[in-house]
Structure formats: C-alpha cells, structure tokens
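Letter by letter, the chains look like this.
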Amino acid sequence: MLTVFSMMRALPGGPFDFEGDKSLAKAVTDNLERRHHLDWSESWQFVSYVLGDDVAGAVCETIPSIPGCDKVLDGYKAGVSRGVIRGDLGMAMRQRGRTINGIIGESFPVSLQLGLMAIGFGLLTGIPLGTIAALKQNTTIDYAASFFAVLGLSVPSLVLGPVLIWIFALKLGWFPVSTWGAQPPFFLGFIPAPTKDFFMHAALPVTALGLALTASIARLTRASLLQVIGEDYIRTARAKGLPQSTLIVRHALRNSLIPVVTILGPLTASVVTGSFVTEFVFGIPGMGKHFITSINNRDYSMISGVTLVYALLLVIANMIVDIMYAWLDPRIKFE
Amino acid sequence: MGDAMRSLLHHRLAVSSIVFILVLALIAILAGLINPYVLQGYSDALAATNQAPFAKQTLQDNYARPMTESKNPDLQGFVYYAGADNLGRDILTRTIYGARISLSVALVAALVSLIIGIAYGLTSGYLGGRVDEIMMRFVDFLYGLPIVIVVILMQVYFKAVARRGDASGIVGVILDANAALGGMLFVFIAIGALNWIGMARIARGQTLSYKQKEFVEAARATGSGSRRILFSHLMPNILGPCIVQETLQIPGYILLEAFLSFIGLGVDAPTPSWGIMINEGFQALRSAPHIILVPAAALSLTVLAFNFLGDGLRDAFDPRQRGV
Numbered sequence: 307m308l309t310v311f312s313m314m315r316a317l318p319g320g321p322f323d324f325e326g327d328k329s330l331a332k333a334v335t336d337n338l339e340r341r342h343h344l345d346w347s348e349s350w351q352f353v354s355y356v357l358g359d360d361v362a363g364a365v366c367e368t369i370p371s372i373p374g375c376d377k378v379l380d381g382y383k384a385g386v387s388r389g390v391i392r393g394d395l396g397m398a399m400r401q402r403g404r405t406i407n408g409i410i411g412e413s414f415p416v417s418l419q420l421g422l423m424a425i426g427f428g429l430l431t432g433i434p435l436g437t438i439a440a441l442k443q444n445t446t447i448d449y450a451a452s453f454f455a456v457l458g459l460s461v462p463s464l465v466l467g468p469v470l471i472w473i474f475a476l477k478l479g480w481f482p483v484s485t486w487g488a489q490p491p492f493f494l495g496f497i498p499a500p501t502k503d504f505f506m507h508a509a510l511p512v513t514a515l516g517l518a519l520t521a522s523i524a525r526l527t528r529a530s531l532l533q534v535i536g537e538d539y540i541r542t543a544r545a546k547g548l549p550q551s552t553l554i555v556r557h558a559l560r561n562s563l564i565p566v567v568t569i570l571g572p573l574t575a576s577v578v579t580g581s582f583v584t585e586f587v588f589g590i591p592g593m594g595k596h597f598i599t600s601i602n603n604r605d606y607s608m609i610s611g612v613t614l615v616y617a618l619l620l621v622i623a624n625m626i627v628d629i630m631y632a633w634l635d636p637r638i639k640f641e
Numbered sequence: 172m173g174d175a176m177r178s179l180l181h182h183r184l185a186v187s188s189i190v191f192i193l194v195l196a197l198i199a200i201l202a203g204l205i206n207p208y209v210l211q212g213y214s215d216a217l218a219a220t221n222q223a224p225f226a227k228q229t230l231q232d233n234y235a236r237p238m239t240e241s242k243n244p245d246l247q248g249f250v251y252y253a254g255a256d257n258l259g260r261d262i263l264t265r266t267i268y269g270a271r272i273s274l275s276v277a278l279v280a281a282l283v284s285l286i287i288g289i290a291y292g293l294t295s296g297y298l299g300g301r302v303d304e305i306m307m308r309f310v311d312f313l314y315g316l317p318i319v320i321v322v323i324l325m326q327v328y329f330k331a332v333a334r335r336g337d338a339s340g341i342v343g344v345i346l347d348a349n350a351a352l353g354g355m356l357f358v359f360i361a362i363g364a365l366n367w368i369g370m371a372r373i374a375r376g377q378t379l380s381y382k383q384k385e386f387v388e389a390a391r392a393t394g395s396g397s398r399r400i401l402f403s404h405l406m407p408n409i410l411g412p413c414i415v416q417e418t419l420q421i422p423g424y425i426l427l428e429a430f431l432s433f434i435g436l437g438v439d440a441p442t443p444s445w446g447i448m449i450n451e452g453f454q455a456l457r458s459a460p461h462i463i464l465v466p467a468a469a470l471s472l473t474v475l476a477f478n479f480l481g482d483g484l485r486d487a488f489d490p491r492q493r494g495v
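Those protein sequences? They're chains F and B, same order as listed.
Every number in the numbering used here is 306 more than the matching position in the first sequence, counting from 1.
Every number in the numbering used here is 171 more than the matching position in the second sequence, counting from 1.
Don't read these hints as lab results, they were simulated from the structure.
These stretches of chain B come out as covered by chain F in the derived footprint (C-beta under 8 Å, 3 or more residues):
(1) 311–324
(2) 416–430
(3) 434–445
(4) 456–469
(5) 475–484
What you are looking at is a predicted structure, and each value in this text was computed from that prediction instead of being measured.
For each residue, glycine too, the CB sits at the ideal point set by N, CA and C.
Make the full structure from the sequences, and use the hints.
This is the structure:
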C-alpha cells in the first residue's frame with residue numbers, strides 16, 4: 307500500500323514543466339515559473355515537492371557543488387512548499403494565491419458527503435432488490451429486477467446525470483439543476499446540517515452516482531443469496547420451523563452479504579471515478595470537479611495533490627473493507 | 172462447444188446483442204460510405220470544403236433542431252435527422268463515426284488484455300515455483316493501484332508530451348501515429364496498460380488446473396517439448412474461459428474511453444468520440460437538449476449489448492453460474 311503512495315509521487319517531476327504555452331507576457335510567465343520552481347531541474351523540483359523548499363535550500367547551502375544548485379539557491383526563499391512529507395501539497399498553479407491544502411480541505415467534505423450517500427443509496431436499494439429477486443426466482447419480478455440491474459450497469463453516470471437534470475430539474479422542476487446545498491462548518495468535519503435544501507440538492511447527484519452501485523449490489527446479493535439458500539444449514543433451520551422472515555434475515559442474508567462486502571472496495575473506486583463526472587455535471591464544488599478543472603487547466607501541482615489524496619482514500623477504503631470482511635466472516639483471520 | 176453454441180443461440184437477448192453489435196460494426200466500418208451527407212447526395216458539397224464528414228462545420232446551422240433542413244446555401248435541402256451541434260455539425264454523422272472509436276477501443280483493449288494476460292498467466296502458471304511467485308507478486312502490486320487514476324495520470328502525461336510536439340526519433344513516430352488516429356493510440360495504451368492483470372490471474376489459474384490433467388502428463392511422457400505442451404495442449408483449453416471473461420470486461424473499456432473523452436483526456440477534437448459529444452451536448456442541455464440524445468443513447472445501447480453478450484457467453488460456457 308505504501309508503494310501506491312510512492313508510485314504516485316514519482317510522477318509530478320515529469321509533467322511539471324509544460325506550463326509555458328499560455329499567451330502571457332514572457333516576464334509574467336518567467337515570474338510564475340520561478341514561483342513554482344519550474345526553472346529548477348526536475349530532480350530538484352521533486353526534492354522540493356516531497357521534502358520542501360527549505361530542505362532543498364539547506365542542502366544547497368551546505369554543498370553548493372551539486373548540479374542545479376545555483377537555481378535552487380536563487381529561488382528557494384521565495385518558495386512556498388513545505389513538502390508532501392510534512393503534509394503540504396504546495397500551491398495551486400492556476401488559482402492564484404491558494405494552497406492545494408486549502409482547496410482540498412474545502413472540497414473534500416463535499417465529495418465525502420456525496421460518495422457516502424451514494425454508497426448508502428446503493429446498499430439500501432441494492433440489497434432489498436437483490437433479496438426480492440432471489441426469493442421470487444424465475445418470476446417476472448426476478449426478470450424485471452435482473453434487467454434493471456443490467457440497465458443500471460450499462461447507463462453510465464455521464465449519461466444518467468444529464469438525463470436526470472433534463473427530466474427532473476429542467477422539465478419537471480422538482481429539484482435544483484446544480485450546486486450543493488450544504489455549507490461549512492460541518493459537524494465532525496463532514497456531516498452537514500440535514501436541511502431540506504441539502505437533500506433537494508443531493509437527490510439527483512446521489513441517484514446518478516448510486517444507481518450503478520444499486521445494480522451491481524443487487525446482482526451480487528441475488529446470486530449469493532441463491533447459493534446460500536441451497537445450503538444444508540438453511541434446510542435445517544427451515545425444518546426446525548423458523549418463520550420465513552427470520553430465516554432469510556438472520557440466517558441467509560447475513561452470510562450472503564459477505565461477497566457484497568468484498569466488492570465494496572472496487573465499488574469505492576468506481577464511486578471516485580463516477581464522482582469526477584457527477585460533480586462536473588452537477589456543478590458540485592467537490593474534489594472531483596477540481597480534479598477535472600485542473601486537468602483541463604494543466605495545473606500540475608493540483609493534479610498530483612488531488613491524486614495523492616485519492617490514492618490514500620482508496621487505500622483506506624480497502625483497509626476498512628478488509629476489516630469488515632474479517633468481522634463478518636470469522637473463518638477469515640489475518641496472519 | 173456445440174452445446175455451448177446452442178445454449179448461446181437460445182439466449183434471445185444475447186443473440187439480439189450479437190446482431191446489434193455486428194450491425195454497429197458494419198456501420199462503423201462503412202461510415203465513409205453511408206453517412207447522411209453521402210446518402211442524401213451531398214458528398215460533392217462536402218468534398219469542396221475539404222472537411223471530413225464528422226467535422227463539417229456549418230455555422231448557419233448551429234443548434235439546428237432534428238428533422239430540419241440546412242440553411243447553408245451549399246447544403247440546400249440537406250436534412251439534419253438528429254439535429255446539429257453547437258458548430259453546426261451533423262450529429263448523426265458524428266455518432267456514426269463515434270462508433271468507430273468505441274468499437275476499436277473495445278476490440279483493441281480486449282485483444283491487448285487477452286494477449287498480454289494469457290502470455291503472462293500461461294508463463295507464470297506453467298513455470299510455477301519461484302518464478303510464479305515473483306510474477307504473481309507483481310500482479311498483486313499492480314492490482315493495488317487504482318486503475319482509473321493511473322490511466323488518467325498516463326493520459327495527462329501523454330497529452331503533455333503530445334502538446335509539446337517537438338519530439339524526434341521513435342517518440343516522434345509514435346506521436347505522428349497518435350495524431351493520425353485522432354489521439355486514439357494513447358487511449359489504447361492507457362487502457363491496455365493495466366487491464367491485463369485480471370486476465371493474467373484467470374489464465375494462471377486455468378493453466379494450473381490443466382497442468383495436472385492426464386493429457387498433459389501423457390504429452391510429456393510421449394516426449395513433447397514445452398512449446399508444444401504450451402501451445403497445442405494448454406492454450407486451446409484456457410482460451411475459451413479467458414475469452415468469456417474478456418467479453419465481460421468490454422463494457423468497462425467502452426465506458427472508460429467515453430469517460431476519458433468526457434473529461435477531456437480521451438481522443439482529440441474534432442474526432443467524434445461519444446464521450447466528447449455527450450460533453451458538448453451537456454454544455455447546451457438547457458437550450459438544445461437534442462444534442463446529447465443520440466450519442467447518449469448510442470453509448471448506453473452499445474454497452475447494454477456488450478453486457479448481454481457477456482452474460483450470455485458466460486451462461487453458455489459455464490452453466491453453473493447461470494442467472495448470476
């Protein structure tokens with residue numbers, strides 16, 4: 307997992323130095339480039355990005371004979387980055403005077419709200435749908451649910467988002483077209499006040515993002531429930547005279563949810579990807595929107611900063627899934 | 172095989188999907204001959220402007236509604252069946268050409284993934300022991316990477332290199348090839364680069380299980396060399412399951428390409444990817460909702476067809492998983 311982190315970090319050195327093609331006066335461009343150390347050699351840029359400007363400067367003060375040090379000594383005092391290692395992701399190149407930490411600190415809670423609500427939506431709709439389909443196997447309800455699931459997997463959020471906006475926001479006017487209904491400060495850093503405004507704004511993006519999750523969770527729940535229902539212990543429980551509802555909820559469903567938990571890791575990754583599109587489409591000021599904007603602006607320090615946060619997030623999500631997995635299925639033990 | 176074929180043909184949705192995909196492929200291949208400009212007899216007017224059909228801009232017709240006639244004097248009487256976009260380009264033509272992008276991504280990414288994955292998995296599984304362990308550790312490492320984010324970063328990097336455009340030698344040749352393909356080459360590389368790992372695992376698992384079978388033992392006993400065992404005994408057996416698995420991945424490739432193009436990291440304008448067209452249509456959603464309609468429907472239907480085909484294939488070849 308640490309390797310993910312270092313792998314990401316290896317990239318920013320490369321794409322840093324292509325900023326010079328915007329039509330600004332040469333002096334302005336030079337100044338900007340100096341501010342972001344784009345005049346340094348790539349390896350020194352990397353040192354400054356990872357360890358900080360002052361470290362790079364200090365090294366060069368002590369041993370000025372290292373190649374590229376003249377530039378470093380020239381500019382490190384004007385520098386701003388304290389280095390990734392001390393939790394500073396540097397300055398945004400295209401949003402003047404804003405630190406990436408500031409931008410992420412502002413937008414991350416919004417993305418987290420959207421992502422968690424989408425996962426919640428997927429679980430709350432997908433599991434019942436899959437259960438009903440499995441219990442009514444080979445009936446019209448089952449076929450309809452399965453068809454809906456394939457449909458949900460096939461219509462991506464970049465199609466679903468605009469379609470939802472067009473129908474429910476523009477034609478029917480039930481929901482707002484875009485933006486997000488919650489303002490900081492948030493409770494515990496990310497829980498917003500549950501106002502009507504917040505839910506009205508969240509309804510469409512959460513549906514656009516969560517429907518694909520609903521589909522895959524429903525498919526998986528159905529398949530694994532069908533398998534569990536065929537097991538011997540279910541027959542025993544039924545022979546014992548347990549009512550159908552207890553049987554399904556307490557005995558069958560709990561075991562059939564184990565595979566569902568395992569795909570929550572990959573699903574988190576797909577929520578992250580989907581949130582790029584959803585936030586862009588709905589104009590939500592989250593991290594995904596900043597990511598897309600920074601890609602189009604070629605704001606390289608921003609791209610690498612946001613990527614780092616995403617990589618970290620996915621690693622944490624995978625760890626949580628692993629822990630939940632072991633908790634649900636006591637047969638699995640960490641070695 | 173015969174059974175599987177019959178089972179597949181009984182799967183009504185899968186058969187309709189195959190028909191749909193074949194028709195779409197035919198349309199994509201013949202796009203130059205059957206686009207609306209040619210069919211409505213305007214190929215001469217088009218040739219005079221020296222623009223490709225999908226890039227034919229007619230500024231008098233921007234945001235033209237579906238089923239309206241062109242206001243351009245050169246295109247008098249030309250009907251925009253699906254309307255025109257913000258630059259007055261015929262949406263139907265662009266959607267038809269867009270099928271080329273989506274289908275070639277589906278084909279190339281699937282082939283690349285299949286070839287690399289099978290080669291890797293076969294080698295790893297057949298050699299076994301220490302080599303197998305090291306090769307699989309590497310796959311595990313790649314598995315931990317968030318693929319989409321890696322693909323995005325690769326595309327950011329490729330785009331930056333392509334924009335600088337002053338490369339010579341082998342890099343220059345690659346850049347030229349990429350430009351000739353409208354930016355598709357880098358999309359192929361980015362998508363193909365990591366998606367073989369799942370296939371490698373499956374191929375290895377299959378190889379391991381077949382390696383123990385009597386017929387391999389027999390082949391070895393009669394003095395067949397490694398190459399013969401690998402290619403005439405193991406390969407034909409693992410190919411089927413691998414192809415089935417690969418078909419299930421294709422919708423993901425198509426969606427990934429559309430996603431990349433949507434956020435501006437896919438093919439280069441004016442190449443008409445469905446992702447780019449959806450983005451353009453989304454920008455004008457309020458004033459001209461028809462722009463997004465056709466490409467969005469085309470993308471969804473194509474992905475749906477590949478999903479049904481994959482499910483049908485899996486049901487046919489692996490009846491235990493039926494209905495999953």
